[in-house]
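Student: The residues making up each chain are set out below.
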Amino acid sequence: MLLSALKKLVHLRLGTKSILAVIMLLSAISISLTTFFVSTQKRALTDKLRKRALALSSNMAFNSQYAVLSRDISTLQNLLAGVKKESDIEEAFITDMEGVILAHNDTSQMGQKIEFSSELDSLSPPKWIPTAHSNIWRTITLIEIERRQSNGDEILLFSSPENTEEETETTGSIASYKQKLGFVILDVSLESMNRALAIGTRRAILITLIMIVIGAMAVICLVRSVAVPIYRLADATGAVARGDLDQKVPIRRSDEIGILADSFNHMISQLKVSREKIEAWNRELEAKVTERTEELEEKHYELEKAYEELKTLDKAKDDFLSLVSHELRTPLSSILLYSEMLLDGIADFESSRTEFLSTIVDNCKRLTRLINDVLDLSKIEAGRMPFKPEKLDFKELVAETLTSIRPKLESKKINFDFTNIDGKIHLWGDRDKIIQVMTNIISNAVKFTLDEGEITVSLTDYGKMGKIAIQDTGKGIKKQDIPKVFDRFSQLESIDHHSEGTGLGMTISKSIIERLGGEIWIESELGRGTTVFFTVPKADHVSDTKTEKAFGHGSQSE
Amino acid sequence: MCPIQKQKRRSDMDLNQNKVLIVDDEKAIRLGLFHCVKNAGFEPVAAADGKEALRLIDEHRPALVILDVMMNGLSGLEVCRILRSNPKTKGMKIVFLSAKGQMKEQEQGLEAGGDYYITKPFDYRELIEIIKNFLRPGDE
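Each protein sequence line maps, in turn, to chains A and B. Offset between the first sequence (1-based) and my numbering: plus 32. Offset between the second sequence (1-based) and my numbering: plus 104.
Be aware that a few hints might be false.
Okay, the calculated bits of chain A under chain B, using three or more residues with CB under 8 Å as the criterion [unchecked claim]:
#, stretch
1, 367-373
2, 412-424
One side only, chain B facing chain A, incomplete, derived with CB under 7 Å [unchecked claim]:
#, residue
3, His139
4, Ala144
5, Gly145
6, Ala203
7, Lys224
Keep in mind that the hints were calculated from the coordinates and are not lab data. All residues carry an ideal CB built from backbone N, CA and C; glycine is no exception.
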């Protein structure tokens with residue numbers, strides 16, 4: 033029990049502890065002071081009462097000398113009645129030396145005898161003794177008379193009991209003695225004194241209690257004025273420790289607690305600022321991280337895309353290589369076959385030997401063309417083909433193209449018409465490249481046009497471009513096959529790559545025209561003929577610098 | 105280039121054991137092989153595409169076909185499948201002769217039913233040996 037109470041005490045808040053300590057101290061001081069004052073007061077009052085009683089009884093003893101000597105009872109009674117009038121006197125009586133009451137304020141007790149203790153013999157100075165009754169004290173004073181025998185006469189000297197002894201000593205030469213007559217006995221009541229004392233004590237206790245209460249209140253106020261702000265600070269500190277920085281201790285004081293609170297508030301606001309800064313940094317960092325992550329993701333996506341593109345390109349390259357190898361193997365096969373046949377003497381006639389040799393030569397040429405075409409195509413597609421653009425007269429171009437084709441035209445008796453050319457239109461492009469394209473298209477047209485057919489070339493205005501159309505009266509191309517015409521080594525029936533073509537002509541033509549900034553397309557009707565269109569920029573619409581740019585690397589690259 | 109030695113089937117009596125059909129869209133090869141086959145003592149027949157080949161097979165019943173793979177119209181593989189699906193031509197020897205020489209392409213040819221696969225460019229003597237092996241097994 034006690035231990036747990038002590039533990040509780042230990043765990044009390046600081047303010048309560050201080051209040052309890054101060055109240056206990058205050059109470060201890062007040063109680064001891066009160067006790068001291070009450071006991072002092074009691075002693076003083078008792079002393080005063082004793083002195084009065086002793087003085088009174090001495091006075092009585094002196095006054096009653098003769099009346100006792102002469103047994104004058106009525107005088108004694110009068111004296112006693114006078115004394116009895118005094119306050120606090122409970123009983124007053126006079127006895128003789130044997131203790132027989134000579135006079136008593138209560139006359140009924142007269143003639144009775146009281147017992148004295150033996151110590152009464154030395155009853156000088158008068159005694160102050162307690163009685164059986166606790167509230168009553170008794171004074172016993174000896175009544176004596178001095179008798180002096182001078183010259184045989186007996187003289188009675190009246191003296192006060194106090195100086196009797198002195199007298200005796202100074203007048204030693206004179207024969208004198210003291211005759212003991214009896215005792216004056218006063219019983220003094222302490223009741224009124226005790227009553228007064230009790231009242232005083234009560235007042236003292238009351239004052240003490242009031243003092244304790246006032247003191248306690250003062251202490252409580254004082255402690256609270258210190259402790260409450262400390263509690264608030266403690267609570268706020270706790271909250272801050274838990275991370276809540278929106279704490280402000282509302283204490284406006286100029287003392288140390290005020291300074292403490294101000295410092296605390298300042299510290300928290302600094303802390304808050306720091307934390308906000310850190311949070312801002314964190315956010316910034318997070319944003320940066322997010323940004324970087326996004327960038328990385330973007331890069332990753334780009335890389336993936338590039339990778340896919342590369343894969344596609346790689347696949348295209350593989351396919352192309354496979355096609356090229358196939359196209360190379362075919363003429364090689366012929367060359368090998370015929371060479372070996374010649375070696376083995378299979379050609380038994382001179383004529384067939386010549387035939388064999390010309391087949392070998394044809395296939396060698398074809399191989400050469402193929403290699404050149406493949407290199408051209410890869411150069412054009414890689415943008416490494418040099419273009420030298422210039423102002424071109426289309427009629428001249430056609431004439432130049434015809435020089436290589438004319439023998440075939442003549443052998444097939446094909447009517448070639450190029451009167452349909454707008455002479456005002458001048459083109460802007462690379463002469464050799466356009467002749468290459470034209471040769472390719474016209475060669476194809478010648479191939480597919482039956483004997484005595486017709487090929488028409490025309491040039492018309494087409495906005496900023498000149499539009500060239502090469503129309504034949506050949507067998508035409510199936511609609512679904514038209515896009516395949518531009519494929520590399522396309523396997524169309526309509527494109528015979530056995531003798532002249534490499535299967536790359538139209539692919540190269542398309543690349544060249546597109547590099548010149550034009551377009552190429554085909555319109556065809558099965559059985560009626562085919563028209564190949566392509567556009568080339570007009571000279572009056574292209575400034576030199578622009579063209580240089582349009583043709584990319586231009587002349588400076590090679 | 106290693107020969108795939110399939111179990112020799114008994115030659116169908118109605119196939120002409122001396123006739124060899126050459127199918128190639130490349131004129132020079134066609135003519136050259138014609139000379140070679142003829143020189144080896146066989147009767148060559150030549151076709152420029154699959155359609156013509158089927159027509160000539162019907163007509164001449166050759167015991168062996170030299171078949172190009174990449175041709176316009178019917179490809180060599182398709183012609184081979186048609187021949188293998190027909191009981192009348194099932195026993196025909198088919199030798200592929202192609203510029204496509206990768207493993208995958210060779211496998212495709214043999215899966216389609218080819219007896220042999222030769223890649224261009226080729227040694228014509230080897231081809232003749234193969235023809236002889238298929239058509240005159242007891243000769244050497």
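Student: Please write out, lowest number first, the hints stated earlier that are contradicted by the structure.
Tutor: 2, 4, 5
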